[in-house]
Amino acid sequence: MSDKMVILTIDGKEVSVPEGSGLLDAAKGAGADIPTLCYLEGLVPSASCGLCVVEIEGGKSLSRACVTKAIPGMKVRTTSPRVMAARRTALELLLANHPSDCLSCTRNGSCELQTMAERMGIRERRFPRTKKPMGMDVSTEGIVRDNDKCILCGRCVSVCAEVQGVSAIQFAGRGIRTRVAAFMDRGLASSSCVQCGQCSVVCPTGAITEKDETRAVWRALQSPAKTVLVQTAPAIRASLGEALGMAPGSLVTGKMVAALRKLGFNRVFDTQFTADLTIMEEGSELISRLTKGGTLPMITSCSPGWVNFIEGFYPTLLPHLSSCKSPQQMFGALAKSFYAERATIDPGSLSVVSIMPCTAKKRETQRPEMRSAWEWWKGKGHQGSSYYDVDFALTTRELARMIREAGIDLASLPEEEFDDPLGRSTGAATIFGATGGVMEAALRTVYEIVEGKTLAELEFKPLRGLHGIKEATVVLGGKEIRVAAAHSLSNARVLLDEIAAGSSPYTFIEIMSCPGGCVGGGGQPYLPTDAKRKLRTGAIYTEDRRIPIRKSHENPAITAIYKEFLGEPLGHLSHELLHTEYKERTF
Amino acid sequence: MSSTAIMKNRVPSLDEIIEARKGKAGALLGILEDAQGLEEHRYLSEDTLRRIALGTGTPLSTVYSVATFYSFFNLAPQGKHSIVVCRGTACHTRGSLELLETALARLGIDGFREDECNSITSLDAFASVRTVACFGQCALAPVVEVDGTLHSRVTVGKLASLISKLGKGGDK
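Residue numbers (our numbering), protein chains in the order written: chain A, 1 to 587; chain B, 1001 to 1172.
Simulated from the structure, these hints should not be mistaken for lab results. Careful: at least some of the hints might be erroneous.
[Claimed, not checked] So these bits of chain B aren't anywhere near chain A, every CB distance computed over 10 Å:
1) K1024
2) S1071
3) C1138
4) H1151
[Stated by the list, open to error] If the Cβ cut is set under 7 Å, some of the chain A residues that face chain B in the computed set are:
5) S167
6) Q170
7) A172
8) G173
9) R174
10) A182
11) F183
12) W218
13) L455
Positions of the beta carbon are idealized from the N, C-alpha and C atoms, including for glycine.
All chains, please: the whole structure from these sequences, using the hints.
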């Protein structure tokens, strides 16, 4: 946007906005909140919902504010009788085909359509339903689609194509038969969908949601036969408060721990412990690839949406992927092997629940190979039916719903500490939650191991922030290497195409599926904007500075687990429990 | 269409159609049209859609989106004969619903729901019945297209006779 200002009149008030501003933004300067159900910051407006109509003096018909730019001298009315009538009719038509099951909908209380109906004072359903029911898509582990609740706003289609470059879904059919569909109207499971959940974050209604597993987790918590462990991803402490009505960017680590104890979790552990472990394993893998010769650039493997993406779209590049499991899966494998043995708990009676900013994590828990602890016990002669390393992955939103259901007032809880030993972590682990963070955490450790001296500046500023692809240069072993970090999968494509073409200048690449990294994940509070992503990221970096130890290799619990159990990074047990393999996914 | 195919005076293959058009603006529509023309039963099979997606670098969902948007494209094999009933406003007010019902009854087709799809083929693949939103021939309403020929001011009797001339349904 240019520095030049445009002066126009909105509802009789003169406002000055930067040239190129749209009327939705311009109206805010005049104190007018023009309603919309389809517009989304950063995407090409689809102008589909029809709610943002305004009257422009001299114009024959009403204009949609989302696609109309401010022009000097323009006179806009946002509340004229004509506007109000058209807006109301547009909303009533959207409501005509929308089910009335608000009371039992996942989005009850967080639905934009419901809120809009309330705002517009809708008191009757004037138009009858014209579409026939379409049924639900429950084919994937992470995402549920209910086309009957879809208002065809197109946000999911745009996000999937423009932000993620996945295009698993598109509009299909026309007229009354128009619907959002995957190829051949099949379930998402057979499509290119990577289950990142960005569609679920922007859906204005209950048409796309995470697969809700809160009932199953309640059952586990209430079962006397189960010992339930919980692990929390780094990004949750920067978003759970927001999901429960606190200001975006609220850092609630200690309160979150307290709330989880109140919910009945027997041990409250931290995925950050295994984030530190990931750094040890992945850092060692990088050093090994550098010194012994291995596929470079090496790419991080923490983000399951990203793993689904490369398995589906760039299978020939899989050797570039680090063999490290994600921190979630490392945690599950250790919880049911190392911890179960130390605490003398039958691993079969353990239930591991993770709180993740992510919907793809649900699928990750159910990858058939993610039963390492069971295999480990089998190797020790134990028998019994198989179990996954992680039983349930809940999103931030699901945890928030459980906390509300239990009547826990998060904001007023006194802060509590994670349990030992799987709750000990460092600042390096916290920054896994933001784009560039895994790379920064890895460099803090790899540099000190290779160079044998203390890093002068811990914070790699060029790797921080919301720029799509960031890069930095580090001197390792007398050699300069280039590293890069990308977030959202359309940016990942740029780096992958370079690798495929043999022109990638990088040695090490971090990729996170979602805009902003995990702070902007598909399981996070609805409708993130860059402003909110920045606030959540700010909380992550505040936490990094707050934790006394900021390098993974200095975590005493990590040193201890290598000494007492794992042996050494990339050792035999590490391979058994902490590393994995990938395979091509066809669709 | 590639020039080599024209020179050899033969029908180009799907790969040649894709190769000749891909990368050009609006290529997808033309490729789909030609691909449907290649198929004996005038439809786009899943395999064809997949080859077009792969060949043009278009996401599968996008190819499916275009193929389902235009009523011209068929995703199921079509019958030997084609009967297209206009269901636009003018034709509707002049009785096109009755014409649609007549065509379906004469061909022994059950279970067609206009709000669910726009075409159906008889089980013996003798004929397909399709609805379109408008032929642009409102002054001649109601209009029905039989095997590519547009008939105007069609009555139930006229349609029955047209169908019986196709070799089937006249004795019913």
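**Asked** Which of the stated hints cannot be reconciled with the structure, identified by number in ascending sequence?
**Response** Per hint list: 2, 12, 13 violated.
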